[in-house]
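Peer 1: This is what each chain is made of:
Number of protein chains: 2
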Amino acid sequence: MRNRQWLLKTRPHGLPSPGDFELVESELSSRDLKDGELLVRNRLFLCAPTMRNWMSGQANSLFPVQPLGRPMMAPAAGEVVHSKHAAYRPGDRLTYFGSWSDYEIIAPAGGNVSRVADDMSLTEAMGPLGLNPQTAYFGVTRVAPPKPGDVALVSGAAGSTGATAAQIYRLLGARVIGVAGGSEKCEWLLKTCRLDAAIDYKNENVRDRLKSLCPDGVNIFFDNVGGDILQAAVDHMARRGRIVVCGQIASYNDDATAEGPRNMMRVVYGSIRIEGFLRSDYLEHVCEAVGRLREWMARGEVVHRIDIRRGFSAAPAVFADLFNGRNAGTLLIEVDIKS
Amino acid sequence: MRNRQWLLKTRPHGLPSPGDFELVESELSSRDLKDGELLVRNRLFLCAPTMRNWMSGQANSLFPVQPLGRPMMAPAAGEVVHSKHAAYRPGDRLTYFGSWSDYEIIAPAGGNVSRVADDMSLTEAMGPLGLNPQTAYFGVTRVAPPKPGDVALVSGAAGSTGATAAQIYRLLGARVIGVAGGSEKCEWLLKTCRLDAAIDYKNENVRDRLKSLCPDGVNIFFDNVGGDILQAAVDHMARRGRIVVCGQIASYNDDATAEGPRNMMRVVYGSIRIEGFLRSDYLEHVCEAVGRLREWMARGEVVHRIDIRRGFSAAPAVFADLFNGRNAGTLLIEVDIKS
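Taken in order, these protein sequences are the chains called A and B.
Residues 6 to 344, numbered by the numbering used here, are exactly what the first sequence covers, in order.
Residues 6 to 344, numbered by the numbering used here, are exactly what the second sequence covers, in order.
None of these hints come from the bench; they were simulated from the model.
Mixed in with the good hints there might be a few duds.
Derived CB-CB ranges, DEER-like [claimed, not checked]:
| no. | chain 1 | residue 1 | chain 2 | residue 2 | range |
| --- | --- | --- | --- | --- | --- |
| 1 | B | 196 | A | 153 | 51 to 57 angstroms |
| 2 | B | 114 | A | 244 | 17 to 23 angstroms |
| 3 | A | 329 | B | 209 | 30 to 36 angstroms |
| 4 | A | 154 | B | 114 | 25 to 31 angstroms |
The following residues of chain A were derived to be distant from chain B, with all beta-carbon distances above 12 angstroms [unchecked claim]:
| no. | residue |
| --- | --- |
| 5 | 117 |
| 6 | 124 |
| 7 | 178 |
| 8 | 186 |
| 9 | 214 |
| 10 | 266 |
All C-beta atoms, glycine included, are put in the ideal place defined by N, C-alpha and C.
Same shape as in the complex, but just chain A:
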């Protein structure tokens, strides 16, 4: 079968552009399959901001490194076409750590492949019940669960992960302030997500707004953004406040690294906790996360937006939308293979 692939050609400086990638076509045959492997047809890719970090190829043992000249790695959903693995059959629907290709060969090992339940669409598995909402769920419930009345501040609050985190905080009894860019996103946070307040960082002074919204300080800061918003939050944390470091999107397109707090003595004197985490720390609890998210969403208590873009050939351009604020919710690429 003919197989399109988007290869990473050059490591991007700043915002990744389509010119950093190369679209190639080759042949892929089920004869290439080895024992224990699956040939899958990709249907959906998740555009996750952290993929930008993979592209940088920094020597860092904790970080996946995207090889140059290879198809761009991406969380994917699709179905089995051929199987040389006893546990999988053609037609099985899966999510996995894939790559920007029409078809690819994967080897299930160590939790990199998950089955999609019969009553769930691939879109649900990648969107409302996918990696981002699961990440939000674990960050809130495991890293910094709220006490009733806590002030929870969420940055990137209109994003896929942030919006879910903010709404879970609301459900668990916190008073929630979302930070997002632009009045439209802030209005969505207030009206649809029913947060207590929203700060438009593009048009408002975050520090001033924090002072007036919560003079006693922030108890929990769920950070997807980093940079200036992180500094403002550190300076405005209440004693024994907790900062959940989920992402640092503000710096992903810089060649520099994402800087942490510039005043560690506030961390000491405020008895502040700063904690990074990955969804994969909680793999054994994914069923719980999916179950609770599903229930909340069915009852309308957590809303989720997906922004689905059709067309494999636009993948690099769609990905760039993550960083210019042009996406509205979980950004998915739908692969347009004629089957």
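Take the given structure of chain A and dock chain B to it, following the hints.
Peer 2: Just chain B, lined up with the frame of chain A:
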């Protein structure tokens, strides 16, 4: 009675020098006492590195600010001379938040005054069982208790707080690496404190030594120093490693603030926790801390050095020794009043 006081005259830039202080003498009378107050005779002052932060007078609601023209605030021990408080009588021995004065008036409130047990000397109460070892105890047992086999790295390990933290980690089953300046201190850490390894940051490359001592990374970093050692540790933490931020002495004499990690994505991808704390977060557990420290010390399992300097008039010069590595253990000033 004649009363000497060391007033802070100017906010120091860099290392505090005796020229930043002024020695004055005045009269203090028990007639100045108001209801609820005590007139105490100061016997011992603890030189605590964080007092340097108080001197900076930064506007920071979490930070005690030393007023200019007032006697330098300091943790102190002494005895009651006159009392207008029903719970205290002349001769009662206390530790308290005092100031560099022969005599002073204090008002017991909110845990700022503690009684010294009958079987304890003032020196014990300020040294081996005092604020620094208590701080170490809570940092280890409450903020980042070890699992057996954990690698615990301690900076400022030959200091008053660090040495106690390092030994408690050893007692609780961790493999302990101390960082200190100079071969003499490192030898003391190995031979007397029985740590597993010591790194002399003045003569060795901390990053290289960490790589060879613990190729699988550091599980717990108890940080008293900050700066380059903190950066090296962040880059060398094992997954789900924990950093206890106890102090950041490397930057106390800078006009700049103490900078945190320069690479927050390591914090995310490593699921690293960074947590500041104060001894005062655990006031209700002080008896437990003192009891266990005392038992460990009586059995020789935790050793403690005090460096006691006699003479009120040398207080500012003695304090400066905290920052040039010239102190050996808890630095105390003994007040030389002829009684």
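Peer 1: Verify this label for me: residue 178(A) is non-interface relative to chain B, using a Cβ-Cβ cutoff of 12 angstroms.
Peer 2: Per Cβ check, residue 178(A) is outside 12 angstroms of chain B; nearest 23 angstroms; holds.
Peer 1: Has the hinted range 30 to 36 angstroms been met by the Cβ atoms of residue 329(A) and residue 209(B)?
Peer 2: 47 angstroms, violated
Peer 1: Once the closest CB in chain B is found, is it more than 12 angstroms from residue 124(A)?
Peer 2: Residue 124(A) clear of chain B: closest Cβ-Cβ about 32 angstroms, beyond 12 angstroms.
Peer 1: Could you tell me whether the CB distance from residue 196(B) to residue 153(A) stays inside 51 to 57 angstroms?
Peer 2: 53 angstroms, holds
Peer 1: Does the beta carbon distance between residue 154(A) and residue 114(B) stay inside 25 to 31 angstroms, or does it fall outside?
Peer 2: 27 angstroms, holds
Peer 1: Does residue 186(A) sit more than 12 angstroms from chain B, CB to CB?
Peer 2: Per Cβ check, residue 186(A) is outside 12 angstroms of chain B; nearest 20 angstroms; holds.
Peer 1: Hey, is residue 214(A) genuinely clear of chain B, shortest beta carbon separation above 12 angstroms?
Peer 2: Label holds. Min Cβ-Cβ 18 angstroms, cutoff 12 angstroms.
Peer 1: If I claimed the Cβ atoms of residue 114(B) and residue 244(A) lie 17 to 23 angstroms apart, would that claim hold in this structure?
Peer 2: 19 angstroms, holds
Peer 1: Is the nearest Cβ of chain B still more than 12 angstroms from the Cβ of residue 117(A)?
Peer 2: 17 angstroms, holds
Peer 1: Confirm or reject: residue 266(A) is not an interface residue toward chain B, with every Cβ-Cβ distance exceeding 12 angstroms.
Peer 2: 4 angstroms, violated
Checked against the numbered hints above, the structure violates hints 3, 10; every other hint is satisfied.
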